[in-house]
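Visitor: In case you want the letters, here they are:
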Amino acid sequence: MKALCLLLVLTISSTLCVDKNNFKTCDQSGFCKRLRPFKPEKSQYSLNLDTVIVHGNVLSAEVVTVDIEGEKKNVLWHYALKLTALVDSTFRVELDEADPLYPRYRPELALGEEPTADGLKLVSNSNGKLILVNEQGNKVIITSEPLKIEFLDLNGEKAVILNDNSQLVVEPLRVRREKSGDDDEGDVEEEGTWSENFKSHHDSKPRGNEAISLDIAFPDADHVYGIPEHTDNFHLKTTTSGEPYRLYNLDVFEYDLDSRMAIYGAIPVLYSHGVKRSAGVFWHNSAETWVDVVNYADATVVSSLVNLVTGGHQRRVDARFMSEAGVIDVFVFLGDKPADVFRQYSGLTGAAPLPPRFSLAYHQSRWNYVDEADVRAVDDGFDANDIPADALWLDIEYTDRKKYFTWDMEKFPHPADMVANLTAKGRKLIVIIDPHIKREAGYFVHEDATEQGLYVKDKDGKDYEGWCWPGSSSYLDFFNPEVTKYYAERFQFNNFPGTSKDVHIWNDMNEPSVFNGPEITMPKDCRHYKAPQDGQDGLASFWEHRHVHNENGLRHISGTHQGMLDRSDGQYRPFILTRAVFAGTQRYAAVWTGDNAAEWGFLQASVPMCISLAVSGVSFCGSDVGGFFKYPEAEMMTRWYQAGAYQAFFRAHSHIETKRREPWLYDAATTARLRDAVRRRYALLDFWYTLFYEHSIDGLPVMRPLFQEFPREEETFTIDNTYLLGDKLLVRPVLEEGVTSVKVYLPGKDSHTVWYDVDSYQSYPANGYMNVDVNIAKVPVFQRGGTIVPRKERVRRSSALMAHDPYTLVVALDGQGKAEGSLYIDDGETYEYKSNKFIYAKITYEPSAMKYSFVNEEASYPTRSWVERIVIAGIKNPPKSAKLSQGGKQIPLQMTLHRGNDVLVIRKPTASMASPWEILFTY
Amino acid sequence: MIYSAWLKKLQSFLIIVFTWVISVQTDVLRPRGVSLSKASLYSPTKDFTCFDGTSTIPFSYVNDDYCDCFDGSDEPGTSACINGVFHCTNAGHRPQNIPSSQVNDGVCDCCDGTDEYATPELCSNTCEELGKEARAKAQHLADLHKAGNFIRLELIEKGNKKRQDMAEQLSQLEKDKAEAQKIKEEKEALKNELEAKENEALQVYRDAEEKERQKKEEDERQKQEKEASEQFSRFDSNNDGVLTVDEIKVGNIFDKNKDGEVDAEELQYFLGDKESVNKEEFMSITWPLLKPLLMMEQGMFRPAEAEATEEAEDEEAEDVPRVEDMDVTGSEDDNLDGDLSHDDAEDHDIEPDNSKSYDDETQKLIDEATEARRQFMDAERAMREIESNIRNFQQNLEKDYGLQQEYATLDGQCLEYEDKEYIYKLCLFQKVTQKSKNGGMEVGLGDWGEWAGEEGSKYSVMKYSNGVACWNGPNRITMVNIHCGLETKLTSVTEPYRCEYKIDFITPAACDDSNYMQQQTSHDEL
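Residue numbers (the numbering used here), protein chains in the order written: chain A, 5 to 927; chain B, 82 to 607.
Keep in mind the hints are simulated off the structure, nothing from the lab. Check the hints yourself; a few may be wrong.
Stated by the list, open to error - Rough simulated footprint, nothing fancy, chain A against chain B, three-plus residues with beta-carbon under 8 Å: (1) 145-155; (2) 576-589.
To be verified - Calculated Cβ distances over 12 Å to all of chain B for the following chain A residues: (3) Arg96; (4) His205; (5) Gly446; (6) Lys463; (7) Gly465; (8) Ala672; (9) Ser700; (10) Asp702; (11) Glu740; (12) Lys753; (13) Asp777.
Small disclaimer: the values here were computed from a predicted structure and weren't measured. Idealized CB from N, CA, C, for every residue including glycine.
Please build the complete structure, drawing on both the sequences and the hints.
Guide: Listed below in structure tokens is the structure:
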């Protein structure tokens, strides 16, 4: 889906380029301009040691700001500090005003569940220092004056330091003084305190300044990562000489590459990594946020400041978060390996649940498939060309003039039949539902929302009106539980005729996008629902949009999720795609990288963007294959399909003004390559499904950076065009035009890791960079020695039709001639797996035997699938014979050895996957 | 429990796989999924060699649900090979080849249900029914073509007649053209003769005018000389007949840039490289330069810049009618019925000045010549009209109206189609347009381009190209798919691709029963 009003479209030239003037720089964002140059000259934050209480897993104490300019050290303001120990080497630090004028907003939906407490002990309290320790043995040292909190790893070394640079700021809420005749009273308010302007937009700022800031130091770190969504490299760069990274969900038309500008998503989690350890912080805040990064290794910053502070070269990265509102609420992850910090974060915000299997297959979308006949023709086109596809998508034009939950009855008079045509082949339909509501008399959603007061209000309390696809629009206020309830009910099959359990939902424009709003979004002084509480009226009776902005899209998709659960009485797993992203999004939806373009740069950017999202909880990520704007010629289209086949969310999509580009509209050779790319995906679909099952259990990224598996290998720290799927496949998609060879980094030299080219089973010992020839058909993918990957070689029209097809197990041996893998099987769409209706099997290979056994023996699933082939790569000493043992029977097996590349193929073991089996080898 | 149940099923499945099928129609024994024409390639008594020749396998490996050949030829009856082909006989209907990926996938693809043999209860044999339907449909179409063919034959007749008429008209026009050419030549000769006489008579007047003009020139020259001489004397302060640098330096008038002194540059300007000028040199070199300055001084002359601007403006103003002239000339070729009065303007150089009065004799000659000119122009115009008609007829005769001119009478016929938002208009062999029902401009969706059907059915698709350009995109084009129908009308208009329109058009002109039958037969062979 696309981004901006047509007025703007008319002004663009043929080269794509964001109109930067529409979006704020730090200097144009009042609090960023105010806080960025902040120096702690006037006051400092100090902890009042007399007030320290440690109760359970919580330390609480009073913190005050002290005037350090005067002799007297006057106390300026009172704050409440809370430090909480949580399981899995995680701490939470909260700092709010002791008695704020109004409650300050805390995000409500980012955390999955209430975090689990760990033990916390006060070890000592002397010399102005508190020392605490959690149950795992991580120490915390709190210095009282000025306040500083150091978190130690298990070796007793500092891993994370809060407020080391005294950039802690919590601007106290104040009452606005009525302007009166005499101005002699007190200090003059800084300009911009009670209102700000950007372009033609006025922000009334009724609560005045309420920004917060904190610096976080990561000693021994080489790099920091995270805080998606940006188009920059995966490793973050020093921001001293430019703009900070910005986190503010925005619909950026034709967004820039290599930029720190905010785009659609904002996940305020940041990780550090060095040879010594990994650590991380999660900045639990939904307001506009800017993040400055200073990497001490960068020559540009080493010069003055850092040398002064550290006395020479040092491995360390400092980050500083600045948010417009909210409280200091930061989670500290002490790792100490990359996988640990990634898990610690996803544990906190909730690992993505198991998606329906079809959603991991190939999706075909376009703005727009124009009518039922078009949908039919595209559906048939896949069959005619023997290319699999699991879902067809309908963008905004399917609706009756952009009124969601309706159909354009001229073009889609029989939606139920259309869906039935698709489902007959195991395919699904996905339709778009955006959060803006057309203001049109007679449109039931608008009338209900108006009557029942379900819309977001403007600064004066009237229904806010903005401009979006339908023209004049209002926005459902998903912060109101009544709205969510109302909205969720819209998904009932009888409320949205033509839909069924096989119709899934795409939530676009949920930043929210407002074409005529400041920065193409909602004015910050719009009012959102706040649960009524006694004594809270006036400004305390609502939240401003500025407080909740980044959480808006999350609220939207959670409503959709609820609706989709309810419509099938909780039987079927919903699939939702969202564009806006916040911490916790992964619990409800997959994410795509928005409105990209058919340019090599965007293909390249898709990899680091998705790696960054994956380590930030959102493994289910992809980009519009082929590019949304512009037209990809055959080579780019081929490379994009090949890359997309190895990214979690695999969808081709395009802009309404562009040339059609279904795979068969290219020349026959290109169509064949696109078919091959899609088939590569389907062959590995059960592998993907297994990865996502394991992700739902362990929270580890499905698409992961090399250093997650090879944390001591420094070269990998900045590689972001190559990644791993699970710990098994290494993917280095070809992202460059016209290349005939690419450099592929094969990690694991020290551990004698062997990598196998998945096309040839040729083995390569890990030895850093290697040149790989890449003709147009080649995608460099390597299987790690020591792993087993399940494949389904019989690729059919859709994944549903492949459910019971046989497996090929690819065993890639390590140096010891061993390997292991796993396989998850269930019905692919229901929640029955929660009642033990699934198979989660471990597959192990040793020279003596290969075993398929159930991890959870309580669970089973009546699959009809079987093993048709076992490919053992890297076999030096092949067995003479093999026999299958299953269900008390023993069957001798046929084997073929391919001497050229040391591959042994077991022909047709016909072992059933419904129960454990074993293959015994004799030599 | 589950396991054993499935193992049983698996075994029975494998048994099914190995089962041979006996075709209903023939007694040729062949493996499942093999067409009759390929049956001989599968001989149970020999090892099987993959079609691509890459390997030879025991015959028991054929259709054993395991892919041994890269080309999939060993598994014609299973889904084991990704690039295999399954043949279904579909007795009672048309046989079909489907990709192996559709074998035993739970979807009935062959009407005889043979592709889903693993679950025999899944698909019923619908071939008889479908075959009947298809045959009925084919019959219906054949009837339609047959009925339409009568009209088509009429269209062909009319088309041929039309073309014949046009050819006749064309040859008549050629004759007319020769006639007109003759008249034109006669009129031209007459015109030339009378103009010569007119010219002779007018010469008297022209000579008189010339004399008058020369006299005026001479007077003017003398006046100038006198003035120059006076000025020379004025600056030649020592009256030595030579104007020196010093003498010039005192004259304010030579201070061109009005900076208070006559500098070297100014001297250079007025005297060239000389130190001094005598009267003769003054007259030829200095005076023409000096005169404007004097006039300026006397307020009779404006500085050069102002002059230049004014000239430029004048030029612009003059440009406008020139452009119009061009337009008029340009449109002449297209539009001969148009007003030709502007032609008069082209001949202004010959025409006498109407404002003057002449003696009666001369006036008579002028009138006669004017009449001759008018007649000549009329003759020319008639000639052009005929030529244009000839071009039109030639163009139409060159147009491809189908193999038998069946579309000839449809040329220029306009058909409309309305949908929710637009009214589309197809003027056959001319253009396609779209007009919004909410008003607004008519948008061109393409002008007649060519027949664009695939090989063998060239006349089934018309292409209208070069319509109005899309924003940020290509020019609109329209493809018109032609089907047989008893009436001539548009049955649908869609825009399947951005700016690429598709019109379905029925007409008896497309009802060719012989051609249709031929097509049907060739389809069956596939």
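Visitor: Run the structure past the numbered hints and jot down the numbers of the failing ones, going up.
Guide: none
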